[in-house]
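Make a model of the complete structure from these sequences and hints.
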Amino acid sequence: DAGITQSPRHKVTETGTPVTLRCHQTENHRYMYWYRQDPGHGLRLIHYSYGVKDTDKGEVSDGYSVSRSKTEDFLLTLESATSSQTSVYFCAMGSLDWHGEQYFGPGTRLTVT
Amino acid sequence: GQQLNQSPQSMFIQEGEDVSMNCTSSSIFNTWLWYKQEPGEGPVLLIALYKAGELTSNGRLTAQFGITRKDSFLNISASIPSDVGIYFCAGPPAGGGSNYKLTFGKGTLLTVNP
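Protein sequences, first through last, are from chains P and G. What the first sequence shows, in our numbering, is residues 1 to 113, in sequence order. What the second sequence shows, in our numbering, is residues 114 to 227, in sequence order.
Since the hints were derived computationally from the structure, they do not count as laboratory data. Ideal Cβ placement from N, Cα and C applies to all residues, glycine included. Mixed in with the good hints, there may be bad ones.
Here are the computed lysine-lysine pairs in the DSS-like style, where the Cα-Cα straight-line distance is at most 25 Å [said to hold, decoys possible]:
1. P:70 <-> P:57
2. G:219 <-> P:57
3. P:70 <-> G:164
4. G:214 <-> P:53
5. G:183 <-> G:164
6. G:164 <-> G:214
7. P:57 <-> P:11
8. G:183 <-> G:214
9. P:57 <-> G:214
10. G:219 <-> G:164
Simulated coverage check for chain P against chain G, where a stretch passes if three residues somewhere in it have a Cβ under 8 Å from a Cβ of chain G [stated by the list, open to error]:
11. 18-29
12. 41-54
In structure tokens form, the structure reads like this:
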């Protein structure tokens, strides 16, 4: 959606290397999310943030960490990438005065070789 | 955890036909959302529904929030080739303490034959 971007859009990395994906939003939304999307599994929540420096785990958080030092940026880090983390990663945002709507970024396709 | 059952899993239709898909849950939802995802892109919010029984349109799309709050329907009228994509339902389950986490359906893959 307009107002939320992800970088990089594509990345190939080797097993064991650290990887950081960036999500940037310009809407001043409080909530931000990281999902992964895999065939047969749909969208699965990795981590989310409900404010600066406030984060919590989602359903598939093992092997991932996040940081949010500013409202507009939410970083997802794979400390030591594994082949099972090959996926498409989506960031999303949502504000406090909403009823559940989330707005997604364009995605990052990560391949771990 | 919560699950949303979305059907059908896929549809192959002719241009001009109407399309109907639905989402059901064993739990009550506060909001129903419908997204569309095109290849290589992120999901885009099409319609949001907030009240049981609500019927909302967005162009050729019409969605309804089921009266039981456990289901929702999306209809597309007079389909065109650019309707191709995966359609997801989603929503925050009621009783979860907040609206900040969504449960997603697995999606309906729509193919439109020109």
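To see whether the hints hold, each was checked on the structure:
Restraint check for residue 70 of chain P and residue 57 of chain P: satisfied, since their Cα atoms lie roughly 19 Å apart, inside the 25 Å limit. For the hint linking residue 219 of chain G to residue 57 of chain P, the alpha-carbon distance of about 21 Å falls within 25 Å, and the restraint holds. With a C-alpha separation of about 34 Å, the suggested pairing of residue 70 of chain P with residue 164 of chain G is violated against the 25 Å cut-off. Our distance criterion of 25 Å between C-alpha atoms is met by residue 214 of chain G and residue 53 of chain P, whose separation comes to about 18 Å.
With a C-alpha separation of about 12 Å, the suggested pairing of residue 183 of chain G with residue 164 of chain G holds against the 25 Å cut-off. Restraint check: the Cα-Cα separation between residue 164 of chain G and residue 214 of chain G comes to about 18 Å, which is no more than 25 Å; the hinted pair holds. With a CA separation close to 24 Å, the supplied pair residue 57 of chain P and residue 11 of chain P stays within the 25 Å bound. Restraint check for residue 183 of chain G and residue 214 of chain G: satisfied, since their Cα atoms lie roughly 17 Å apart, inside the 25 Å limit.
For the hint linking residue 57 of chain P to residue 214 of chain G, the alpha-carbon distance of about 11 Å falls within 25 Å, and the restraint holds. For the hint linking residue 219 of chain G to residue 164 of chain G, the alpha-carbon distance of about 23 Å falls within 25 Å, and the restraint holds. Counting residues of the region 18-29 of chain P whose beta carbon lies closer than 8 Å to any beta carbon of chain G gives 0, which falls short of the minimum of three for the stated coverage. Chain G is given as covering the region 41-54 of chain P, and this holds because 5 residues of the stretch bring a CB closer than 8 Å to a CB of that chain, at least three being needed.
Of the hints listed earlier, those the structure fails to meet are numbers 3, 11, in rising order.
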